[in-house]
Amino acid sequence: MASMNMIQALNSAMDIMLGRDPSVVLMGEDIGYFGGVFRTTEGLQRKYGAHRVLDTPIAEGGIVGAAIGMGVNGLRPVAEIQFADYIYPAFDQIVSELARLRYRSAGEFFAPVTIRTPCGGGIRGGQTHSQSPEGIFTHVSGLKVVMPSNPYDAKGLLITSIEDDDPVVFFEPKRLYNGPFDGDPSKPAVPWSAHPKGQVDEGHYTVPLGLADVVRRGSQLTIITYGTMVFVATAAAAMLGVDAEIIDLRSLVPLDVDTICRSVRKTGRCVVAHEATRFSGFGAEIVSVVQEECFWDLEAPIQRVTGWDTPYPHAFEWEYFPGQARVAMAVKAVMEPV
Amino acid sequence: MNKHSRLHLPRPPARPGETPDFSYVQLSPAGAVARPDVNARARDIETLAVELVRVLDDAHDAVGPWHPHLDPEELQVGLRHMLLTRIYDDRMQRTQRAGKISFYMRSLGEEAVSVAQCMALRPGDMLFPSYRNQGLQIARGIALVDLMCQVLSNTRDMCKGRQLPVLYHSKAGNIFSISGNLATQFPQAVGWAMAAAIKGEDHLAASWIGEGASAEADFHHALLFASVYQAPVILNVVNNQWAISTFQGYAGGEQRSFAARGPGYGIAGIRVDGNDFLAVYAVTQWAAQRARTGAGPTLIELVTYRAAAHSTSDDPARYRAKDDQEHWPLGDPIERLKQHLIKLGEWSEERHHALTAELAALVGASWQEAVTYGTLSEGPKLDADLMFEDVFKEMPHHLQRQRALMRAERG
Chain A
12 MASMNMIQAL NSAMDIMLGR DPSVVLMGED IGYFGGVFRT TEGLQRKYGA HRVLDTPIAE
72 GGIVGAAIGM GVNGLRPVAE IQFADYIYPA FDQIVSELAR LRYRSAGEFF APVTIRTPCG
132 GGIRGGQTHS QSPEGIFTHV SGLKVVMPSN PYDAKGLLIT SIEDDDPVVF FEPKRLYNGP
192 FDGDPSKPAV PWSAHPKGQV DEGHYTVPLG LADVVRRGSQ LTIITYGTMV FVATAAAAML
252 GVDAEIIDLR SLVPLDVDTI CRSVRKTGRC VVAHEATRFS GFGAEIVSVV QEECFWDLEA
312 PIQRVTGWDT PYPHAFEWEY FPGQARVAMA VKAVMEPV
Chain B
-16 MNKHSRLHLP RPPARPGETP DFSYVQLSPA GAVARPDVNA RARDIETLAV ELVRVLDDAH
44 DAVGPWHPHL DPEELQVGLR HMLLTRIYDD RMQRTQRAGK ISFYMRSLGE EAVSVAQCMA
104 LRPGDMLFPS YRNQGLQIAR GIALVDLMCQ VLSNTRDMCK GRQLPVLYHS KAGNIFSISG
164 NLATQFPQAV GWAMAAAIKG EDHLAASWIG EGASAEADFH HALLFASVYQ APVILNVVNN
224 QWAISTFQGY AGGEQRSFAA RGPGYGIAGI RVDGNDFLAV YAVTQWAAQR ARTGAGPTLI
284 ELVTYRAAAH STSDDPARYR AKDDQEHWPL GDPIERLKQH LIKLGEWSEE RHHALTAELA
344 ALVGASWQEA VTYGTLSEGP KLDADLMFED VFKEMPHHLQ RQRALMRAER G
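Residue numbers (this note's numbering), protein chains in the order written: chain A, 12 to 349; chain B, -16 to 394.
The following block holds chain A by itself, in its conformation from the complex (with noise of 0.2 Å):
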């Protein structure tokens, strides 16, 4: 076991890939000889060679459309969109090509891209380096959806994305890269060395796709979230001092529906939280599924605790941002007695 903050360990996850697998590449913008802008690919040009961690042109729809077609000659490619705000020129290629590649040939052809791309905001980017376009993706069928909220994860679910053979749209909250934030920009940051999900295996491991991850057991309310929101819920919910069982989804396609379900059913009351904006958000398809699946064990309506639905903006980030405030509200609400 090694200490590392999530950069490190997606850059060890890619690093065991390309050591393991000859048909595995990296492509993306400014991610090879310079290792990235986050500095997730450092170092493994000069390991691998240029043939294997290639940098591209300023264009993500070709990053794509190349990757899809390196993919279908037998290569394994990784492609890193810089930021989850420059995904959209490469959307027709991710939704109608990526996505549906094995369906239309009927499984003759097939894909297996991993898309990286840094998300969420909380680090001053204003609306072009900020945003949470999961629901987006989450709402194609053919995709799968995931976000770690920890090296840990980040590692372990990194290397079962790449390895799947399906592709997979892999979201890094990029305020998670450096250490866990609870929600409050005015503490001093915390770094990943002191949490227990930082010490991370330096070998070869997975983290299923479809599995959530009960980060806290709780009695009293259940809190459904993933990415940035895990640790902002968890230390809502410690100030309020309720006893939350606090989901980490990890993927959100596939879903983990029996955990959200044996959770709620226990605690009879549901908070579902994310960064994304709300209306139509992935959140409205877990609070369905909860209504769905556990309506006659709710105590108490659902709550949602969401980003605003304006684009993210610089000067009033930590007014848009989700923070344990409005975590706070939306707890009270579902703990209030009927």
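Read the hints as simulated data drawn from the structure, not as lab findings.
Since we're looking at a predicted model, the values are computed, not measured.
Which bits of chain B does chain A cover? Going by a derived footprint, with three or more residues having C-beta under 8 Å, they are:
| hint | region |
| --- | --- |
| 1 | 156 to 162 |
| 2 | 377 to 389 |
Cβ-Cβ distance ranges computed for the label pairs, FRET-style:
| hint | chain 1 | residue 1 | chain 2 | residue 2 | range |
| --- | --- | --- | --- | --- | --- |
| 3 | B | Gly107 | A | Glu53 | 36 to 42 Å |
| 4 | B | Ala23 | A | His215 | 47 to 53 Å |
| 5 | A | His215 | B | Arg393 | 41 to 47 Å |
| 6 | B | Gly107 | A | Phe102 | 30 to 36 Å |
| 7 | B | Gly107 | A | Arg50 | 36 to 42 Å |
| 8 | A | Ser152 | B | Glu392 | 15 to 21 Å |
| 9 | B | Arg393 | A | Pro219 | 32 to 38 Å |
| 10 | A | Glu53 | B | Pro12 | 56 to 62 Å |
Think of the CB as a built atom: it goes at the ideal place given N, C-alpha and C, for glycine as much as any other residue.
Keeping the supplied structure of chain A fixed, place chain B upon it in accordance with the hints.
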């Protein structure tokens, strides 16, 4: 000189009731264009992008440096593939009109593009077609019954009922799945070729796109990536002058040829008479040699004419002159190769009639077999459960559940 800025609106050669004028198509005489060495640098051969490579002259002789010197037997095979493509198209068109299939798209007048190009490539080369390249399927030897079963969406449909007619694929034949979304296959072909180069393999990729779809960003991504990585790929723009009702001027073809996009990206661009089997073969062979010898990608513009409607849902009489194709200066690809073979003493009207009858019988017999596997309205049907397969490699829980719900709703 105008006193004001002006908005230019491209005009087609003729609207209904007008006399077509194809003087905008820049022609070079047969045999006039020089054939550079296959390793020539793109910057040194830019004139190829504005000239027009032609081999067959008006007297049906093959002339000039691009003459590929194919054996008569190979030319006869090419003629057979083109004729089979046309007869297949014609039969499927009539079948759609009879209500047996939902939709069809003919390649009438463009048969040399797919057939000659496919014949100039190797079986291990990967083809990324557009939707009007059925000649590729036929020249690669895909059985007509298999194509027909796809068009019928029947129990033997290679796509398991998931794709519109004509969106075929063949893993064994190295023909990629046709999307139906335009231009997406272009950067994918480049990626495939990049992978071949990364793996150190000798195969190349070839892709086809209409001149209309070359307006899409994917076209430009493909050229950029092909140029940056010097990928072993042949990128073909089939300029058949029309994108449904939209004249090629709206794809930017008036100010500069489509082949000239190549030199703009540092890629060899070459313009060829797309109705001249020999010229298409020779240019493709040249491009393939470039790809295989590390000289990089080639953009080929195949100048041809969409003699048929865009699809069975289209009526070109509403937007272009009815006799357009008769004025088309590059003639018909089958007729031109046939006359060349006759001139060589290797073909005759009698043999042509006999071949036509033989292929029509083959198409008829194939259809009789294909319908035994079901049609839209009768015979065996695909199991609707198949709808839920292949979304993912393994069916996730939510799809298993939805499949169960569908079964329940069907009773």
